[in-house]
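Engineer: As they're listed, the protein sequences go chains A, B, C, D, E and F.
Each residue of the first sequence is one higher than the last, beginning at 1 in my numbering.
Each residue of the second sequence is one higher than the last, beginning at 1 in my numbering.
Each residue of the third sequence is one higher than the last, beginning at 1 in my numbering.
Each residue of the fourth sequence is one higher than the last, beginning at 1 in my numbering.
Each residue of the fifth sequence is one higher than the last, beginning at 1 in my numbering.
Each residue of the sixth sequence is one higher than the last, beginning at 1 in my numbering.
It should be emphasised that the hints constitute simulated quantities derived from the structure, not laboratory data.
Heads up, a few of these hints could be off.
It does not matter which identical chain is used: a pair holds within one copy or between any two.
Distance condition first, Cα-Cα at most 20 Å in a straight line; then the derived DMTMM-like pairs of lysine to aspartate or glutamate [unchecked claim]:
(1) K22 <-> E89
(2) K92 <-> D153
(3) K18 <-> E91
(4) K162 <-> D199
(5) K17 <-> E88
(6) K92 <-> E166
(7) K17 <-> D199
(8) K18 <-> D199
(9) K22 <-> E91
(10) K17 <-> D156
(11) K92 <-> D184
(12) K162 <-> E177
(13) K57 <-> E89
(14) K9 <-> E88
(15) K9 <-> D62
(16) K22 <-> D184
(17) K17 <-> D154
(18) K9 <-> E55
(19) K17 <-> E166
(20) K9 <-> D184
(21) K15 <-> D153
(22) K22 <-> E166
(23) K92 <-> D62
(24) K8 <-> E55
Quantities reported herein were computed from a predicted structural model and do not represent experimental measurements.
Letter by letter, the chains look like this.
Protein chains: 6
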Amino acid sequence: MSMWTYQKKLQYPVKIKKTNPKLAQIIASQYGGPDGEIGASLRYLSQRFAMPHAELKGLLTDIGTEELGHLEMVGAIIYQLTRGMSVEEIEKAGFDKYFVDHTAGIYPASASGVPFTAAYLQSKGDPITDLHEDLAAEQKARTTYDNILRFVDDPDVADPIKFLREREVVHYQRFGEGLRLATDRLNAKNFYAFNPAFDKQIK
Amino acid sequence: MSMWTYQKKLQYPVKIKKTNPKLAQIIASQYGGPDGEIGASLRYLSQRFAMPHAELKGLLTDIGTEELGHLEMVGAIIYQLTRGMSVEEIEKAGFDKYFVDHTAGIYPASASGVPFTAAYLQSKGDPITDLHEDLAAEQKARTTYDNILRFVDDPDVADPIKFLREREVVHYQRFGEGLRLATDRLNAKNFYAFNPAFDKQIK
Amino acid sequence: MSMWTYQKKLQYPVKIKKTNPKLAQIIASQYGGPDGEIGASLRYLSQRFAMPHAELKGLLTDIGTEELGHLEMVGAIIYQLTRGMSVEEIEKAGFDKYFVDHTAGIYPASASGVPFTAAYLQSKGDPITDLHEDLAAEQKARTTYDNILRFVDDPDVADPIKFLREREVVHYQRFGEGLRLATDRLNAKNFYAFNPAFDKQIK
Amino acid sequence: MSMWTYQKKLQYPVKIKKTNPKLAQIIASQYGGPDGEIGASLRYLSQRFAMPHAELKGLLTDIGTEELGHLEMVGAIIYQLTRGMSVEEIEKAGFDKYFVDHTAGIYPASASGVPFTAAYLQSKGDPITDLHEDLAAEQKARTTYDNILRFVDDPDVADPIKFLREREVVHYQRFGEGLRLATDRLNAKNFYAFNPAFDKQIK
Amino acid sequence: MSMWTYQKKLQYPVKIKKTNPKLAQIIASQYGGPDGEIGASLRYLSQRFAMPHAELKGLLTDIGTEELGHLEMVGAIIYQLTRGMSVEEIEKAGFDKYFVDHTAGIYPASASGVPFTAAYLQSKGDPITDLHEDLAAEQKARTTYDNILRFVDDPDVADPIKFLREREVVHYQRFGEGLRLATDRLNAKNFYAFNPAFDKQIK
Amino acid sequence: MSMWTYQKKLQYPVKIKKTNPKLAQIIASQYGGPDGEIGASLRYLSQRFAMPHAELKGLLTDIGTEELGHLEMVGAIIYQLTRGMSVEEIEKAGFDKYFVDHTAGIYPASASGVPFTAAYLQSKGDPITDLHEDLAAEQKARTTYDNILRFVDDPDVADPIKFLREREVVHYQRFGEGLRLATDRLNAKNFYAFNPAFDKQIK
């Protein structure tokens, strides 16, 4: 038995009819770029080990797991946007620099082609700090989706991207509630004085 | 509804009683190191988009999903090995270089502290090539677990590590069968002449 | 005439009498590590170009400039902690891996020896997002100083580190005020609908 | 006396008459990209130190040395494709992003401009594992040459690229023979139980 | 009181009237690329701690501080070249790969989009070596400015770039004088025998 | 026929009798670290394509080829220093962080475990600049060998390291002569005005 189980069903349907490798390249940043879904899921799924409160651990597990599903959606979008493209389309779209190394395979890199690095994220072992990291991460992802939407005409692409953007806003709100919960649990006058994930004074 | 669902149960139980940050640091490489579980799951879950045959797509999904569960196990091992350690233990174990940046949080890096990078893996958009990449990946993970076991005395740690090592051997065998299936599907005389994930001649 | 002028005077005095290369290595992360002063100053001094409001541009310039001074302080601490150390002390402290490549020179790397990378920071060209990034950055720096202090006995080191930590808390508060100012300027119902640093609707 | 001697003669002649910086940029990935010739030669020339059997050590030396010659060929192709290009040709080809940092010099980077990193390769100190790594590497290089050939019209370029591609297929076969030899030498029932490069039980 | 103070005045005025995101992208390499101004200032401001002679320490401080001002100038150039650009201009200029991750914000990366890394620079803790590093750095920056100028028609851009290029030549000359001073201070027959920044024999 | 031929003979004999993994780890930086032999050979062998004068092209080929031989020597030193080490010796030497990922195999990384990156080197396509880069590179390698020698007691190790250090000094002198030749060839008054590797005015 494994801890995650996979269901062959996207959280939101992706059915793109028109090939567009130029757009695929931009959207790739939400796969393996600085504020993309790989970074998101790794951030939350890593932070949760040291998160001291059960509700917050659960929050990180829930959102981290959902981001895995978003990663699948983004991958499906890129895949469908590059399906069946011709060599001429590849060259015209400037997709050749990606293609030479990965053909039409999905690889975790930014729009510029920089391989994903965990340097984009932090897991600091301090609940207050990690939740701030998470709030910032959701805003960064939201901005990236905003930027992607500026280049999208095709509603087949725009709709799932809007769905993904909307989810980042929801996650932002949930992390905001999580931060409130975490600060409430901390004895007010000790606010910056110790770390409930490492120090022993609090449960 | 999300595509992965999480069950609060490890594939193999991890119940470590004795803190050991020195060992934790070594095992960290199977979390975010060159041949660790993050790389494994990203590799398989990324490759599957362009994989042309349903059986092989399914194989990559299954193993990629299982590796997510293994990532959770490795994280749990590291977390339990560093739980409740004192500053003295941290210094003695040489864990201070990690601790200063991540406290006792889990962060995706190698034993040496290099943040995980997708440069460790490839998704080449060519089924024969990707399956060779996967066979090599499983052997590399197997060797890492072999090396970890040389440093482990505690059966609470050795048992789940042995389980994880054993799974890599099983995955290796399954990818071997996958490669046979993929080559059978290719018209023999065209073996190296085209790529069924990109070229149109074959289904 | 240049835009920054240098005054030969630290913001807070650093006068360390006792060599301690082991501690120097840990503190190095606040020079070139993931949440260190190089990243801080680069983040703020880069973000300010696209920041739309004069007060916020000024805030980023002020704090970014102050972080340059903190970088100098951290460099001075590391330099003084490694001054005059013997080869025996280097080996005993595990400082040899750093020493072979940089002798006793100051080089921008984390405690683990990973060269500084701008992947640690983001400049997103969106004021709301950048200010969240900055709030998170200050919390991450604060936690790093907390962690450093766990290893420090020498008051000659502890005092300037405490001063630096305290400044991060002040910066955090100032960025909090900045975020309030930025959200107030945004038309409430458009909150997430456009980016005042790029879109033209607002001044 | 040095261990390698250089002969001013390419393994296969490179005589390109027509400048083509756009194509040069794609081919650059076989110089310093993820599956290029620098990675190939470093992989084999590094692995051979710990390879336990003389035949396999010799195999790695032979192929590693040949890849150095291929690196020279790829460099010559890129050099000849960018020789005498005008500023207009540079801009039209999108070569300006490379040119600004390296003029028309040859620099080890991928088509996307990412500097070569050894994270692309592994030297695991385990003969079975290293040979799997090598088989995968040859398939990845083969796919890259396949992809390059999709963009090449000029026979002056296509011919040496086809030669290089053919050599990867030959190396793949030789590593396959090497793997057979290595597994034969291992006592069957111990197959996964120890590492002849580190453990002492076998010669 | 902080060690650097900022004056709201560029060393050389930057007043660009015509948007040009294509050119902005090339110039970006002097912000965060391999031989850009971030690397320059970090190199000199880091090396100066271990530099043994007061004149040379002062030289590094002066030039390092001036480079911070150049960084500001380069940032201002990029900012003004991308100010008010439309989505159509972004796409036509190939600026979309940068834009998706940073909107029109300034981020420390090379023209190809690779985040700045301190691997571009060295601080070796040896005065003779560090000054050679600095001479090379100034030549590399000079060549980059030469290359940028090949793409610039607009005198609003060319003038500040020429100013920056000229300063690199001046810095080169000053480091040449610094090297002469450093070698004169070394006892001739010990030239390569010890390191005045680490060994104790010389003051 | 290949362009390099390998002779099974080191430029200087390496016969180390005493295992010393702690020292091996330090010396590793001259294999794959910032100023090591991989960087050296890649730098010279890459720069030579665009180097305009036959003597200088030949110089780069000669020294680049010799550095390949030095890489082999450094690899042999590391291999012999780690041959036959026990698990206890590995742990005591702090070699476990390397061992977990590479067993006793030779892998291109720095002493701190950072994989080799071409960001350490530059190939600028400008002869004056490239020769300055090379002079700096030789000084940096010389300092690294100086630093290694501070940790070496065993004459079996010290002798080949001294030989390698001496060769860097010779290369430095030869690059100095090369720079004189290159500047003599340039029309004096045009010294900084054009680049003979790219511009057409000079042969």
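Engineer: Each hint should be assessed against the structure and marked as holding or not.
Structural biologist: Verification of the hints:
1. K22 <-> E89: both (9 Å within a copy, 15 Å between copies)
2. K92 <-> D153: both (18 Å within a copy, 16 Å between copies)
3. K18 <-> E91: Both, since 17 Å and 19 Å are each at most 20 Å.
4. K162 <-> D199: between (42 Å within a copy, 18 Å between copies)
5. K17 <-> E88: within (19 Å within a copy, 23 Å between copies)
6. K92 <-> E166: neither (32 Å within a copy, 29 Å between copies)
7. K17 <-> D199: Answer is between; shortest inter-copy Cα gap is 19 Å, intra-copy 55 Å.
8. K18 <-> D199: This pair counts as between: shortest inter-copy Cα distance 18 Å, intra-copy 55 Å.
9. K22 <-> E91: both (10 Å within a copy, 10 Å between copies)
10. K17 <-> D156: within (7 Å within a copy, 39 Å between copies)
11. K92 <-> D184: neither (55 Å within a copy, 35 Å between copies)
12. K162 <-> E177: neither (23 Å within a copy, 30 Å between copies)
13. K57 <-> E89: neither (46 Å within a copy, 26 Å between copies)
14. K9 <-> E88: Neither. Shortest intra-copy (33 Å) and inter-copy (36 Å) distances fail the 20 Å Cα cut-off.
15. K9 <-> D62: For K9 and D62, the Cα distance is within 20 Å both inside one copy (18 Å) and across copies (15 Å).
16. K22 <-> D184: neither (47 Å within a copy, 35 Å between copies)
17. K17 <-> D154: Within one copy, since 9 Å is at most 20 Å while 34 Å is not.
18. K9 <-> E55: between (27 Å within a copy, 17 Å between copies)
19. K17 <-> E166: neither (23 Å within a copy, 37 Å between copies)
20. K9 <-> D184: neither (38 Å within a copy, 30 Å between copies)
21. K15 <-> D153: Classified as within; 15 Å inside a copy, 35 Å across copies.
22. K22 <-> E166: For K22 and E166, the Cα distance exceeds 20 Å both inside one copy (24 Å) and across copies (32 Å).
23. K92 <-> D62: This pair counts as neither: shortest intra-copy Cα distance 41 Å, inter-copy 36 Å.
24. K8 <-> E55: between (28 Å within a copy, 14 Å between copies)
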